[in-house]
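There are 6 protein chains.
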Amino acid sequence: DFLHALEEVKPAFGVNEEELTTCIQNGIINYSPHIKSILDEGSLYTEQVRKSEHTPLVSVLLHGPAGAGKTALAAKIGLASGFPFIKLISPESMVGYSEAAKVATISKIFEDAYKSPLNVVVVDNIERLVDWVPIGPRFSNSVLQTLMVLMRKQPPKGRRLLILATTTERSVLQQMDILDTFDAQIGVPNVAKPQELGVILEAAEIFGSETKTDAGRKRVQQILSTVQEQTRTTEIGVGIKRILVGVETAKQDQSMEDRFVELMSRAINDRMV
Amino acid sequence: DFLHALEEVKPAFGVNEEELTTCIQNGIINYSPHIKSILDEGSLYTEQVRKSEHTPLVSVLLHGPAGAGKTALAAKIGLASGFPFIKLISPESMVGYSEAAKVATISKIFEDAYKSPLNVVVVDNIERLVDWVPIGPRFSNSVLQTLMVLMRKQPPKGRRLLILATTTERSVLQQMDILDTFDAQIGVPNVAKPQELGVILEAAEIFGSETKTDAGRKRVQQILSTVQEQTRTTEIGVGIKRILVGVETAKQDQSMEDRFVELMSRAINDRMV
Amino acid sequence: DFLHALEEVKPAFGVNEEELTTCIQNGIINYSPHIKSILDEGSLYTEQVRKSEHTPLVSVLLHGPAGAGKTALAAKIGLASGFPFIKLISPESMVGYSEAAKVATISKIFEDAYKSPLNVVVVDNIERLVDWVPIGPRFSNSVLQTLMVLMRKQPPKGRRLLILATTTERSVLQQMDILDTFDAQIGVPNVAKPQELGVILEAAEIFGSETKTDAGRKRVQQILSTVQEQTRTTEIGVGIKRILVGVETAKQDQSMEDRFVELMSRAINDRMV
Amino acid sequence: DFLHALEEVKPAFGVNEEELTTCIQNGIINYSPHIKSILDEGSLYTEQVRKSEHTPLVSVLLHGPAGAGKTALAAKIGLASGFPFIKLISPESMVGYSEAAKVATISKIFEDAYKSPLNVVVVDNIERLVDWVPIGPRFSNSVLQTLMVLMRKQPPKGRRLLILATTTERSVLQQMDILDTFDAQIGVPNVAKPQELGVILEAAEIFGSETKTDAGRKRVQQILSTVQEQTRTTEIGVGIKRILVGVETAKQDQSMEDRFVELMSRAINDRMV
Amino acid sequence: DFLHALEEVKPAFGVNEEELTTCIQNGIINYSPHIKSILDEGSLYTEQVRKSEHTPLVSVLLHGPAGAGKTALAAKIGLASGFPFIKLISPESMVGYSEAAKVATISKIFEDAYKSPLNVVVVDNIERLVDWVPIGPRFSNSVLQTLMVLMRKQPPKGRRLLILATTTERSVLQQMDILDTFDAQIGVPNVAKPQELGVILEAAEIFGSETKTDAGRKRVQQILSTVQEQTRTTEIGVGIKRILVGVETAKQDQSMEDRFVELMSRAINDRMV
Amino acid sequence: DFLHALEEVKPAFGVNEEELTTCIQNGIINYSPHIKSILDEGSLYTEQVRKSEHTPLVSVLLHGPAGAGKTALAAKIGLASGFPFIKLISPESMVGYSEAAKVATISKIFEDAYKSPLNVVVVDNIERLVDWVPIGPRFSNSVLQTLMVLMRKQPPKGRRLLILATTTERSVLQQMDILDTFDAQIGVPNVAKPQELGVILEAAEIFGSETKTDAGRKRVQQILSTVQEQTRTTEIGVGIKRILVGVETAKQDQSMEDRFVELMSRAINDRMV
Ligand SMILES: Nc1ncnc2c1ncn2[C@@H]1O[C@H](COP(=O)(O)OP(=O)(O)OP(=O)(O)O)[C@@H](O)[C@H]1O
Ligand SMILES: Nc1ncnc2c1ncn2[C@@H]1O[C@H](COP(=O)(O)OP(=O)(O)OP(=O)(O)O)[C@@H](O)[C@H]1O
Ligand SMILES: Nc1ncnc2c1ncn2[C@@H]1O[C@H](COP(=O)(O)OP(=O)(O)OP(=O)(O)O)[C@@H](O)[C@H]1O
Ligand SMILES: Nc1ncnc2c1ncn2[C@@H]1O[C@H](COP(=O)(O)OP(=O)(O)OP(=O)(O)O)[C@@H](O)[C@H]1O
Ligand SMILES: Nc1ncnc2c1ncn2[C@@H]1O[C@H](COP(=O)(O)OP(=O)(O)OP(=O)(O)O)[C@@H](O)[C@H]1O
Ligand SMILES: Nc1ncnc2c1ncn2[C@@H]1O[C@H](COP(=O)(O)OP(=O)(O)OP(=O)(O)O)[C@@H](O)[C@H]1O
Ligand SMILES: [Mg+2]
Ligand SMILES: [Mg+2]
Ligand SMILES: [Mg+2]
Ligand SMILES: [Mg+2]
Ligand SMILES: [Mg+2]
Ligand SMILES: [Mg+2]
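Residue numbers (the working numbering), protein chains in the order written: chain A, 1 to 273; chain B, 1 to 273; chain C, 1 to 273; chain D, 1 to 273; chain E, 1 to 273; chain F, 1 to 273.
Isolated chain A (complex conformation):
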């Protein structure tokens, strides 16, 4: 009937702002030039979707190690587009769903995205969405195939869609032959150098208000050099997420510096396994 038809066509305005904002819980710390360059490339694809006649669909994959900041950066690019329809497809929102229910939910979000003129869909943590586990290996092929087809499906005339996907398991996606599906890929690296770690410790105010005083900066430098001594390396190789959690754990301890150095060293050594 008429009303139903109307509903079917009316754009599904709906920026999941809150949901996406939660993904950037601790803000975006500008600890290295990589961060800016990633955000810039993101805005290039945003413009391509907005303006090009020939490419109404652009899909981009952000990949990198666990906790490197992939989800936060994808959310940032999505929110920065200002597109009227922005939706997040995440494993957390589908806990306990059957394969069929997942397929239906994902299809529904894409269908909604075909009703607005300009749309962003963030497909977070593809390996988790498809229930990937390396033992077996096992995964949901029906969810995988749904994603593979939907991320290539041209939107109807007059609709445009930017897809931002994230994954920790790029090589798994490659084995799944899903990489060809993406128009572009962006790597998100770990925190690499002591200096970058320093920027983060300051921004996270590890010593509270004291941090940005000269004394605070000196204590930060002290931490950096102790870490370097204990690990005998200047390669950090740890994700920003784990660093920020370590700062908070350390804050609970009386010997804050010792605890942070210990946690950091453990993290750096784990990396080599």
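Think of the hints as simulated: they come from the structure by calculation, not from any bench.
Check before you lean on any hint, since a few could be wrong.
If several chains are the same, the list does not tell them apart, and a pair holds so long as it fits within one copy or across any two.
To be verified - Once the Cα atoms are required to be at most 35 Å apart in a straight line, the calculated DSBU-like pairs of lysine-lysine come out as:
#1 K193 x K51
#2 K157 x K115
#3 K212 x K193
#4 K115 x K51
#5 K218 x K36
#6 K36 x K241
#7 K212 x K51
#8 K36 x K108
#9 K108 x K51
#10 K218 x K241
#11 K51 x K157
#12 K193 x K218
#13 K193 x K153
#14 K241 x K108
#15 K241 x K157
Given the coordinates of chain A, work out where chains B, C, D, E and F with the ligands should sit on it, guided by the hints.
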């Protein structure tokens, strides 16, 4: 009853023109003699179906690398036949279908094709239709068997059928013993030579209206030689689809040439992996 | 009740003449002495079923490469028996059936065959009936077991049954331990020698009415020697089915001889892979 | 209620005489001393079940190559016992049953066997009952487990049970750890020596009424020596079943001896593969 | 409601005496000191459950070769405890059950066991309960997990539980990581020495009432030495179950000694495979 | 409606005190400095959840050999937090549940935990929760994925959650890529040194009230040195759980010391396998 019987027999006129036209979104650029030869061979099989008494069914497989233009060329051949019934079987139109629903949908399209005197069915992206994934490997055997049997099944007396199938995974189809099913196979190659790339850049009007002036042609030549310098090869080996997307991305950037060269070089290097 | 009982016992007269005749679409060309010898052996088993007291069931497997003519020959032997009940079990007639539906359909046909005194069942393309695919490998074990048991099951007193099965995958059937099920096996070879190919080209009237004139025969000889030159072999090794399709494709082309030679050479070379 | 209870307890008299007699379609030809020794050992176990207080359940496995006569011999032993309850569990009687239906049918037959004082159950062709296929391998574990448990389950007080099972796949049963289930195993060999073959040809009246004349015996000897010449061996190694079918096929041919020799030689050579 | 609540709490008195007694059909023959030591260790665990405050749950695994007497000994220990609740979980009592029905039945028995103060549960033949088959291998993981959890689950306050499990497949249980579940393990060996065999033959009255006369003992010794001669070993290595069946089979034969020696030698030789 | 809404939001106060207390059946014996250090690290994470703004979710994994005391220590840390909502997710509470029922139960407990301001969830024995068995290997991927996602899912604003998980199979969890899910990992070791064993024997009052007299201590020392002599090692390498059970078994025996030494030596030797 009578009405039902009628409906069952009446030809299902139905050219999916729109759907097939969407597959040729960016037209067919005549960038190499291969293109004409593929279209010519296609029209030979079209004539065989139209005229031969002994071969009411002819099935042809277009195979080649991702983005080489297989779907566009199959659509072109199908549309060029002028047959009254033309249908597209594609993964995009069956997102989220169960195996049984896929089997039913595919069978229905073939059944419809047996009602018209002259018919074309385009079976796009076989590996995706059968939910192929190399890990495992896994695929839907029921969809595969349905396709294998239907693509060999003789139409009833007086009905003729041209099947045009596409695939990126010819070697997988070979392992599946499905290649014998086809009466003929046509390879669709990547863009191979810088000169071919040049033809494409001009046709895609990379510099807008300026492209076809002398200045434009010079800039195009400049791009070709920079790409060659950076990649140290004159083998392009990239699909036309990716090239056309790259042109659009580059158009968003202020330093258009640099961006295109970078994207192109990345694509050429990826190829070697 | 009485009526039901009657129905259960009354012979299910039903020669699927039309269905079986379709299997011999292009007749049986007597291109080699093998053909006669296969038909002779077939009629021997037909007589054994008709006359022997001790062997009311005889099952025969026709095996050979794709397109060698297995189905056509099985149909020919079956039709030649003149038995009142002849049925074809083929994958084409069960497209999209569930495993259970296939098992039920197959069982029903055998049950029907137990009601007539003299019966033929053609079990066409066993590997396809059991949904065989080499990747995995996968197949329907329930259909396979049903066939294995039914093809050995003694008909009730006074009923006789000839089973004619075909397969392209004899070695697969061997791995499935199903070969012991058959009382006899008959190999159906490819077209082997240029001379045999010549007989076929004449019978298929490649040059229309001109073919059987002296000029026509000369053109045929010309084709044979060109093929031999291009492939550098006198071993054809191609099934009659593919040859007959090639003839029809060539007929659409202006340079008929060139096209046929090209298709034939391609087929001969494929064979070596 | 009372009637139902009665029914549950009343012995299920029911000799499947007809069914079992069909298994011995061509009688038992005494072609070698093995045959008597197998029947003797069978009657020993029959007596043990009839008389011993301590072993109310005895299970025996007859194993040997395809067509060696296992089913006929098991049926013979069963019928010879004269026990009031004799049932046959065979794949032919459960065509198209689901796993659950098979399990239920088998359980029901054993339950019935617990109601009579003296019972025989013939479990024919175990590998086929469990839907065994070497590719995979695959089989019905639920049917297998049901058999494994039922063939060891002690009948209730006062009931006795003889189980006669047959198989072509003893080594498979061994891998399935089911051999320990049997109290005894009896091997059934192929026809081994030309002399044994001679006895069979005479008994099967290969030359009709003439066979048992001197002329007939001479022709039989002639066959034996021709087979020996052609196969260059005195080891027959073929099952009696195949020999008897061969006799019947040969009878249809005008050159009966030639045909039989050819079929026999083929059978002997197959054996070596 | 009240009645229901009552029922739920009232102890489920129920010694399956009859069922367990059937497991010791041929009594416990004291043929070696091992037998006493096994029964003693069993009574130690019985006392621990009866008296210790800290270990309300004790689980013991009896393992050993097929027919060694595991089930009989477990039943003996259970019956000897005199605990008010004794239940047997055996594959024979769950023939044809679905996995879910097995899980439910097993859970129910344990639940019942939590209602009495002192309880024994005999879990007979774990590998058969979980439908274990080495080909694959396959087994019911849901039954296995249920057993693993229930055999570790602490009974509610004031309830105590002794679990006696048996298995022929200890190494399989080890691979399943289920051995850690048991507090103790007891090995049940085969009959090892001729002297032990002698004790058994006497106890089983192989020559009826004559057995225990001097003449009988002499005949027994004669059997032992003939077996030794024929097998050239003094290692018996056969389970008591098979020996007792052999005695009964031999009793049916006129040449009793010869038959027993033959069966025994066959059993001893089988062992070496 | 209103009432429903209320119920949905009202905090689910519910400390499973009893359930968790049962996990510490034999108290926490302070037999080594490790024990205190584990409890201290536990309280650090408790404080982080209580106080930090940035980390409302902290998840910790306690891993170590079977019977090392993981569950008891996790329960202790949880109870010590004094948080208003404490729940235990354990395999024992989900015996016989289907995968779907497990997923639903686990999801419900987490949902409840999002309603209280401060929450602890103990996820006991992850490998058993996911029905892990090394043969295959097999496990419930749906339960695993549910845990992986829920243990990372941020609680809603204003809610905080401490997750304490335990496992014997850390390397399996690593293969499952689930270790990254945890913010911290704590190893729980076996009892290592004779001196530690001595502390435990005293605390467990192996000789009743006599244990803590000089005579008792001497007998304990005697046990330690006998064990050392028999095993020729000073490495104990046995979990405290098994030691405490052994003490109880030994108490039932008249020669208590001998029995304990035997059980202990067996346990130490098992360890080396
Ligand atoms: N420059 C930055 N880039 C990304 N995240 C940052 C940055 N600076 C601070 N953050 C914070 O670091 C955290 C990054 O976590 P995020 O979940 O995005 O990582 P991830 O790579 O998606 O992790 P996972 O592999 O677990 O999915 C966020 O809380 C974010 O607010
Ligand atoms: N000569 C040409 N041949 C094919 N496509 C062309 C040609 N010239 C331009 N195109 C355009 O290039 C695109 C080719 O994309 P198409 O989807 O057909 O590639 P494909 O090989 O099917 O890709 P995929 O492997 O992803 O299925 C279309 O947009 C088409 O309009
Ligand atoms: N001598 C012949 N033997 C068999 N077929 C012949 C012969 N002469 C002509 N034909 C024709 O050749 C074709 C053989 O095709 P057919 O389907 O029987 O081959 P097939 O071996 O069953 O193929 P497939 O492997 O695809 O099942 C038929 O159209 C038949 O009419
Ligand atoms: N001595 C004999 N032993 C067994 N069968 C004999 C003997 N003499 C004649 N026969 C006949 O031989 C045939 C043996 O076939 P049967 O089905 O018993 O063999 P089988 O070993 O069970 O075959 P399969 O492996 O196919 O199950 C029967 O028809 C039987 O009447
Ligand atoms: N000392 C003994 N120990 C055990 N069983 C004995 C002993 N003496 C006599 N028996 C008898 O031997 C038989 C042992 O069979 P039982 O079924 O217990 O063996 P099992 O090891 O459980 O066999 P399976 O491996 O088949 O389960 C029983 O009938 C029992 O009465
Ligand atoms: N210092 C201690 N640490 C842990 N447990 C202790 C300690 N002292 C005594 N115990 C007791 O030891 C037992 C430890 O058993 P627990 O079930 O916690 O071990 P587990 O490692 O979880 O075993 P499993 O691997 O079987 O899950 C408990 O009964 C506990 O009361
Ligand atoms: Mg992320
Ligand atoms: Mg395509
Ligand atoms: Mg065929
Ligand atoms: Mg048989
Ligand atoms: Mg037992
Ligand atoms: Mg634990």
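Which numbered conditions among the earlier hints are violated in the structure presented, ordered from lowest to highest? The structure conflicts with no hint, since it agrees with every one listed earlier.
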